[in-house]
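S.K.: For the sequence shown, counting from 1, position 161 maps to 160 in numbering that gives the first Met the number 0; every step adds exactly one.
One thing to keep in mind: the hints can contain errors.
Pairs of lysine-lysine, DSSO-like flavour, derived with a Cα cap of 30 Å [unchecked claim]:
1. 132 - 90
2. 200 - 38
3. 114 - 90
4. 49 - 114
5. 112 - 35
6. 163 - 129
7. 129 - 171
8. 129 - 90
9. 132 - 114
10. 163 - 132
11. 200 - 35
12. 35 - 114
13. 129 - 200
14. 129 - 35
15. 90 - 163
16. 112 - 90
17. 38 - 129
18. 114 - 46
19. 112 - 38
20. 35 - 46
21. 49 - 129
22. 171 - 200
23. 49 - 38
24. 25 - 114
25. 25 - 200
26. 129 - 114
27. 163 - 112
28. 112 - 132
29. 132 - 49
30. 35 - 90
31. 90 - 25
32. 200 - 114
33. 46 - 25
34. 49 - 25
35. 38 - 25
36. 49 - 163
For the record, the hints were derived by calculation from the structure and aren't laboratory data.
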Amino acid sequence: MSMESFEQSDNELTSTLPVQIRKVPKSLEEIVRITKFNKSEIRLLYKGFKQECPSGAVTEREFQAIYSHFFPHGNCQYYTTYLFRVLDRRKRMYFTFEDYIQTLSILVRGSIKEKLQWIFRFYDISDAGKLTKQTIETILHSIYNLLGPNNCLHQPLTDATIEKHSALIFEKLDFHHVGSINFDDFENYCLHDEQLLNTIKLLSTTTI
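Start from the sequences and build out the full structure, keeping to the hints where you can.
M.R.: As structure tokens, this is what we get:
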């Protein structure tokens, strides 16, 4: 598939965004070069992306609407805001197929270090280069809100429960007791947690 093929596909669909941010991805060969997917996988991923995002560019509001279909009983507003921040790598208020597939390439085919860097960046909602108990608690709140009331937890979910869970996680990570965690500390902890590593490695077996 060449760039021309992508453009023809775009022209067949009605865009919901202004012309200036309708986005056509790079050539198939270029996407193969910058990701760890082959041509067949990229074609399949692009087809799915275009079905959900005909314009080729996804705004935060559209991203939230997509997630709401998958989590109808939860509140996805906060989670999608934090995830969108990572996908919108160039801070343009939208992300493209190229942004999406590069992120997916890291999560599915990336090295352990690349995956840990992505996870750390997702939790680092202030772009401060460090994690605090508050940032971890904020992300956990967003995840539980996303899952909604039918999340099969064995105990009632309260703010106090989330705060306690966050404190336990942070205590394990903050082994220098300085009140914040940089990436080196985060990586060092994760690399010595076999159960956590196995969970991260499972991403590599995800079916596309």
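S.K.: For this structure, which hints from the list above don't hold up?
M.R.: Numbers 15, 17, 21, 29, 36, in rising order.
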